[in-house]
Amino acid sequence: MLESLLYFIQQLINGLTLGSAYALIAIGYTMVYGIIGMINFAHGEIYMIGTYVAFLAITAMGMLGIEYLPVVFLFALLSSILVSSAFGWSLERIAYRPLRGSNRLIPLISAIGMSIFLQNYVRLGQGSRDVALPSVLTGGWTFGPDDGFQASLSYMQLLIFIVTFISMSLLTSFISRSRTGRACRAVAQDMKMANLLGIDTNRIISLTFVIGAALAAVAGVLLGMQYGVANPFIGFIAGLKAFTAAVLGGIGSIPGAMLGALILGIAESMTAAYFSSEYKDVVSFGLLVLILLFRPTGLLGKPEVEKI
Amino acid sequence: MKTNNIAFAFFCALVTAIMAFPLLGLKMVSEGTGMIIQGATASTWIYIASACMMVFLVQLFKTSLNSGVEQFKVQLSRLPTPSLPADQHVRLEKWALILIIGLALAWPFMTSRSSIDLATLVLIYVMLGLGLNIVVGLAGLLDLGYVAFYAVGAYSYALLNNYYGLSFWICLPIAGLLAATFGFLLGFPVLRLRGDYLAIVTLGFGEIIRIFLNNLTTLTGGPNGIPGIPKPTLPMIQTDPEFALISLDFSRSSREEGVVPFHTFFGLDYNPETKVVFLYLLALAMCLAIIFVIRRLIRMPVGRAWEALREDEIACRSLGLNRTAIKLSAFTLGASFAGFAGCFFAARQSFISPESFTFIESAIILAIVVLGGMGSQLGVILAAIVMIVLPELAREFQEYRMLMFGLLIVLIMIWRPQGLLPMQRPHLAIKEAEHA
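Protein chains in written order, with the numbering used here: chain H, 65 to 372; chain S, 343 to 778.
If you are wondering where the hints come from, they were derived from the structure by calculation, not from laboratory data. Keep in mind that a hint or two might mislead.
Covered stretches of chain S (chain H as the covering partner; in silico rule of three or more C-beta atoms under 8 Å from a C-beta of chain H) [stated by the list, open to error]:
1) 353–364
2) 712–720
As a list, the in silico SDA-like pairs of lysine to any residue whose alpha-carbon atoms are at most 25 Å apart [claimed, not checked]:
3) S:Lys404 with H:Pro162
4) H:Lys344 with S:Gly563
5) S:Lys617 with S:Ser695
6) S:Lys617 with S:Pro565
7) H:Lys344 with S:Leu535
8) S:Lys369 with H:Gly292
9) H:Lys366 with S:Leu533
10) S:Lys404 with H:Arg157
11) S:Lys369 with H:Leu128
12) H:Lys344 with H:Arg157
13) S:Lys369 with H:Lys344
Ranges between beta-carbon positions, derived for each pair [as the list claims (entries may be wrong)]:
14) H:Arg164 with S:Arg665: 24 to 34 Å
15) H:Phe339 with S:Phe526: 36 to 46 Å
16) S:Phe414 with H:Ser166: 40 to 50 Å
17) S:Ile656 with H:Leu354: 24 to 34 Å
The structure displayed is predicted, hence computed values, not measured ones. Where is the CB? At the ideal position from N, CA and C, for every residue including glycine.
The task is simple: from the sequences and hints, build the whole structure.
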């Protein structure tokens, strides 16, 4: 009894860890969608780039002989955010801004093209094979009887929770309190009107891409440190999951993306634990279909009112 | 203004440096138990520096560059361009189509074996593009998991042949039917979702099919795929010694009963190239059949309803059109064409595995449709040629191939967002009396 409870708790912890990392990526999708109504298919690649830069940064610190963890982590985080934001900013400038206002499929194809480009860009620079990073943060707490199953919470998982929580709180207060955040919400509500009222919509759109990219980079650093492996193609599946999470929660809604990501993460780790790890993606997509059938605009999405 | 410009150009150059420096300039190499970083070669550094320099200069002189481009455009528009009235344009398209068909028929007899092979591949993508064109281009339903139906078609031939020994010609309609059934079953619940929700659900469906194919190892062979799928045969009526229906195959000799090698039947010398030519002509015939069916369909009420629904759903509903039935017909029909294409693909490849049915395949097919100009058949054909032949031509660039491919998609979209050959609706107009 206790054993199965502990097992369940363990899966819950794993699911929440995964879900909070997905949430960080999903925010990028949902914010961009909320403002310009396009699916930024290249967003997963930004996450992948974030992971690579974090690996480079951690390795560089190792070579310099700096091993004090907070410094290493902060350096990795900041450099990863810097590089990813640069990519997010240029992505919007190069591939999406010239296409604004055209049919909604056009930027989607452009995004797919950009995604192929970024994958191969990293492949050229870093090689297509897996790179492995020795874990920086090890250890954790375990609960349970010594002779039976023990649930564990590693320090890394705790770090993921904490960093995600801080990023989310910062983002939420930025969006709801600051002047620029208010401008963001105004642009999401009605871009033309916001423009008339003197908001520089181009700047806000750029900012959205940068924020999304920065959060994806945070996810890249955290998941990269957790798993310790990266290759140029990890962006696609992570992006797909995060996008699923964003849709699940109601695309365009930031709390929706967080909720959707947590549900998805838990569903995935539960399936892997109790059913079969091969079919965990089937379950997450099946869940998506099921939820959309009953709530066609996602969990927290506003029901669309058809205007005639 | 001037200093502002310089600052922005400097900023852009800095961003370029940030993007290029860590990922291209530094490389992780494993050494012993840990990792170390290696710097790139000197030439890479020069490339990075010159890229930054170029971005700086381009941004600095952007206004004058832009005005130059505008001037050029003005000059271009002054040139006399042949402007055609709409009905002539339709007639022109017809002639273009006839010309393309003639060229396509002559193709295998003019070129080498490898280019026939490539042309067959292009034709498979033309089929897929035409099928997806119904769903995305005409009905306006964004389907990101089209490859699932392609996989269903391919696997239904491979499995039916593997387990029951059914031939290509029996499996072809079954594959189409099965794919259509999958399309119907998926479409029924999800077609009431709005645009992007539909997109992600279809994407998920595509992944689900692939995961199943990968993991149902006992049935599908999992990641190892299914080898040894037979090539299609040519059915032929035999009159000597007795009246019978036999199949001709294109191997050197045949051991199966009722199967006669092509060259012995016609008393020719064995030529391995006939097999390739036959596959090509078969694909061409399938393409032409699909083109013909679609050309008829878009003139029929259902085809008009697809487009009407794409343009204005509310107006359609208020005119009493059944939204679900129309969407479902487009979705099912598109799926069945993918099933045919899949069946042919399995027969041509003679080996299939889930590797061939990943999302990138869906993305390429979608890119073909959008690149061609949504709804336009000639556009799809042209775009399929561009998307398949270009990466092949760029083989010598090897590792830069996919990089350039991705960039090219972006550039074409920026250059011609409406597609290479946007669709023109056939319509009747009252001719004005000349010299009245």
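Hint by hint, here is what the structure shows:
Coverage of the segment 353–364 of chain S by chain H holds in this model, with 5 residues showing a Cβ closer than 8 Å to a Cβ of that chain against a need of three. Evaluation of the coverage hint for the segment 712–720 of chain S: fulfilled, as 3 residues show C-beta separations to chain H shorter than 8 Å, against a requirement of three. At roughly 15 Å between alpha-carbon atoms, Lys404 (chain S) and Pro162 (chain H) fall within 25 Å of each other, so this suggested pair holds. A distance of roughly 20 Å separates the Cα atoms of Lys344 (chain H) and Gly563 (chain S); the hinted pair therefore holds under the 25 Å criterion.
Between Lys617 (chain S) and Ser695 (chain S) the CA atoms are separated by roughly 23 Å; this keeps the pair inside 25 Å, and the hint holds. Using a Cα cut-off of 25 Å, the hinted pair Lys617 (chain S) and Pro565 (chain S) is violated, with the two alpha carbons roughly 28 Å apart. This hinted pair checks out: Lys344 (chain H) and Leu535 (chain S) have alpha carbons roughly 24 Å apart, not beyond 25 Å. Distance check on the hinted pair: Lys369 (chain S) and Gly292 (chain H) sit about 17 Å apart at the alpha-carbon level, within 25 Å; holds.
As the CA atoms of Lys366 (chain H) and Leu533 (chain S) are separated by approximately 19 Å, the hinted pair is consistent with the 25 Å bound. In summary, the hint linking Lys404 (chain S) to Arg157 (chain H) is supported, as the alpha carbons are separated by about 14 Å, within the 25 Å threshold. For the hint linking Lys369 (chain S) to Leu128 (chain H), the alpha-carbon distance of about 16 Å falls within 25 Å, and the restraint holds. Distance check on the hinted pair: Lys344 (chain H) and Arg157 (chain H) sit about 36 Å apart at the alpha-carbon level, beyond 25 Å; violated.
Between Lys369 (chain S) and Lys344 (chain H) the alpha-carbon distance is near 34 Å, which puts this suggested pair outside the 25 Å criterion. At roughly 30 Å, the beta carbons of Arg164 (chain H) and Arg665 (chain S) sit within the given window of 24 to 34 Å. Checked against the hint of 36 to 46 Å, the C-beta distance between Phe339 (chain H) and Phe526 (chain S) comes to roughly 28 Å, which is inconsistent with it. Checking the proposed 40 to 50 Å range against Phe414 (chain S) and Ser166 (chain H) shows it is violated: the Cβ atoms sit about 22 Å from each other.
Ile656 (chain S) and Leu354 (chain H) have their C-beta atoms about 28 Å apart, which keeps the hinted 24 to 34 Å range intact.
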